[in-house]
Amino acid sequence: MNRTEKLVSTEEIRTPPSPNGRKTVPAAILKDPDSHLLQSGAGTASSRQRFNLLSLPLLRRLLTSRWPQLALTLLALAGFVLAILSGLVGTPVGSRSFAIIFVWIAWWALLMLVAVPFLGRAWCSVCPIPMPGEYLQRGAVLGPVEGKTGYGLGWRWPKALRNIWLQNAAFALVAVFSTVILTQPRLTSIILLVFLFAAIGASLLFERRAFCRYLCPVGGFIGLYSQFAPLEVRVIDSNVCAGHAEKTCYTGSQSGYGCPWQVFPLGLVKNTYCGMCMECLRTCPHENIAINLRAFGDDLSRTQHRRLDEVYKAFIMLGSALLYSAVLLGPWGALKAAAYSVLSLPWLAYAAVFLVVVLAVLPGIFLLAVWLGHRLARSTMRLKKAYTSLAYCLVPLGLAFWMAFSLSFVFANFSYLWRIISDPFGWGWNLFGTAGAAWQPYLMSYVPYAQAAILIAGLAWAGKTAKRTAEEALSSRPASLQAAPVVAFCLAITTGMLFLLVA
Amino acid sequence: MKKKLWLVVLIGLALGALSFAPLPLSLSQPSERTITIHARSYEYHPAVIRVNPGDTITFRLISEDVVHGIYIDGYDLSLEADPGQTSELVFTADRRGSFRLRCSVTCGALHPFMIGKLEVGPSQLFWRAALLGGFVSMAVLLISGLKREDP
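Protein chains in written order, with our numbering: chain Z, 1 to 503; chain H, 1001 to 1151.
If we strip away everything but chain Z, and leave its shape as in the complex, we get:
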């Protein structure tokens, strides 16, 4: 038994008092499947090539300091507040509203085309939504202050809800209203306010970032797709952690807070629940935390800790991208009208079809594909396990779907940004002389080619992931047979997406 394995057998690790108030690492956290501590060697870099960005002294200083992060968060907060105000008191015309253009064009483009595929959960580290609640909870804006405590009850999140089912439900709920949310500034503001107050409430009731970890519908899919990103936070040497009795990365210290995401860094084997907040970097006295550059999709090469709630998130996201492409980017006016006329009979039919497709039809067809592969390969693996494992091939495919979908409306509508920068409320201002900028789609001759390339790359990655997953339990030929129907499913749905976007 190595030192890591000894560590997890301990019921509770005694630690000195910390500014967070929590003085111990509960055994439940150590044994939490999300913490993955039971995996020997978890949290450390695998044998694959990695480059620790913290070996660059300037980057280490920038990431350890709280000021750059605070500056970016305040910048995002300013945009967030302006978006809320613009939606509430500004023009109701979406294409002239800062709320719509800033949130659904500028931020969305940055998130889906840059941040998530290349930086994983980096957005979460500067997201302004949990900021007020977190400051209240901590009683401080910058690092821990001795003797100063924040507000809140500090309850632990209920065990039965320690998964992303609530995030799945929240996303599905928002998704059926999305056509009005995307186009009505006031509704966009209300949604942002709901997120803000839910985050404050969660911070005052529960410990750490319960909203981000268990409720935020955006955080759910960012976490899922961050597995693809070429960036990760991991422990350098697990033995150093095993020998560190205080576990300040989880309990906190005078240098920083215990992990706000309730993750024990030693247990990290995938990016899904690491918010890249850098607190572990600040609290580790041994400089044993690395921020690694790695190959794309590295988390998907491991098949442990695959869960049904994450699988459903993948189906919801994949189906939503497909249906949004049909409704919003297709030429069918009746579909748009149905999606927009909330609570009418056509909308109820639209919402029902939407939910049935993403929650039952897609998962059902995928189940058939897995079952067929199971029979062809004569696999002895439990069908549920095969289903859960193979469904992770939808992570790169879903990300490709969302990137391709986003390209369409982002490049077509990006020029609205120049107008709303000068006139964020639509009140006739001209702050920077760009209020009269005409609408002009950018690069629309090239966008379909980029979409096709992204979708095919996503399909190739999905196929590779499915095959590799099957090979975990089977030899090569049966693995191909097991994966083939799943790859056929991916091909069929990708062809559908290609038809909607480039045909």
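Just so you know, not all the hints are guaranteed correct.
What the hints assert, rightly or not - Covered stretches of chain H, as calculated for chain Z (at least 3 residues, CB under 8 angstroms): (1) 1034 to 1043; (2) 1068 to 1074; (3) 1127 to 1136.
What the hints assert, rightly or not - Below, simulated SDA-like cross-link-like pairs (lysine to any residue); rule was C-alpha separation at most 25 angstroms, straight line: (4) H:K1003 to Z:R477; (5) H:K1117 to Z:V327; (6) H:K1003 to Z:K385; (7) H:K1004 to Z:E471; (8) Z:K385 to Z:N163.
Derived from the structure by calculation, the hints contain no laboratory data. This one's a predicted model, so the numbers in the text were calculated from it and none came from an experiment. By construction, the Cβ of each residue, glycine as well, lies at the ideal position given by its N, Cα and C atoms.
Given the structure of chain Z, go ahead and fit chain H onto it with the hints provided.
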């Protein structure tokens, strides 16, 4: 190893062929066509317009409720029509493929999603991409299988 190398070369050639080889195209003679498009409530009628490459097209846009417009992706052309009025745009469909028609005048909440489609001949991009997708799917299954079999 040799087998794998050959496979990679073959796959590369096939990918190149699927991406760039000419596809069978329609041999229809170019003609002059006038297409009347009605715009109302965030949709165009007809929503999908099919023409032959080389056709000289006249778009007659009739707006039935508020001011609407049409911007043609790829052609970078646009026209606008006031309510009850008709506007015309004449152009030659000299670029093949599928192009989105977008409303170019803010016309209401769903304005950014008021979209139609102009198909100039069959969409080569779609068919090439679909074929590439099928080919890539097979290749992924085949290549990773060989990797395992390599001593």
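Outcome of the hint check:
Requiring three or more residues with a Cβ within less than 8 angstroms of a Cβ of chain Z, the coverage given for the segment 1034 to 1043 of chain H holds, as 3 such residues are present. Counting residues of the segment 1068 to 1074 of chain H whose beta carbon lies closer than 8 angstroms to any beta carbon of chain Z gives 3, which reaches the threshold of three, so the coverage claim holds. Counting residues of the segment 1127 to 1136 of chain H whose beta-carbon sits less than 8 angstroms from any beta-carbon of chain Z gives 7, enough to reach three: the coverage restraint holds. With a C-alpha separation of about 17 angstroms, the suggested pair H:K1003 and Z:R477 falls inside the 25 angstroms cut-off, and the hint holds.
Simply put, H:K1117 and Z:V327 have alpha-carbon atoms about 14 angstroms apart, close enough for the 25 angstroms limit, and the pair holds. Restraint check for H:K1003 and Z:K385: the C-alpha separation of about 34 angstroms exceeds 25 angstroms, so the hint is violated. Between the alpha carbons of H:K1004 and Z:E471 the distance comes to roughly 19 angstroms, so the proposed pair stays at or under 25 angstroms and holds. Between Z:K385 and Z:N163 the alpha-carbon distance is near 18 angstroms, which keeps this suggested pair within the 25 angstroms criterion.
Checked against the numbered hints given earlier, the structure breaks only hint 6 and satisfies all the rest.
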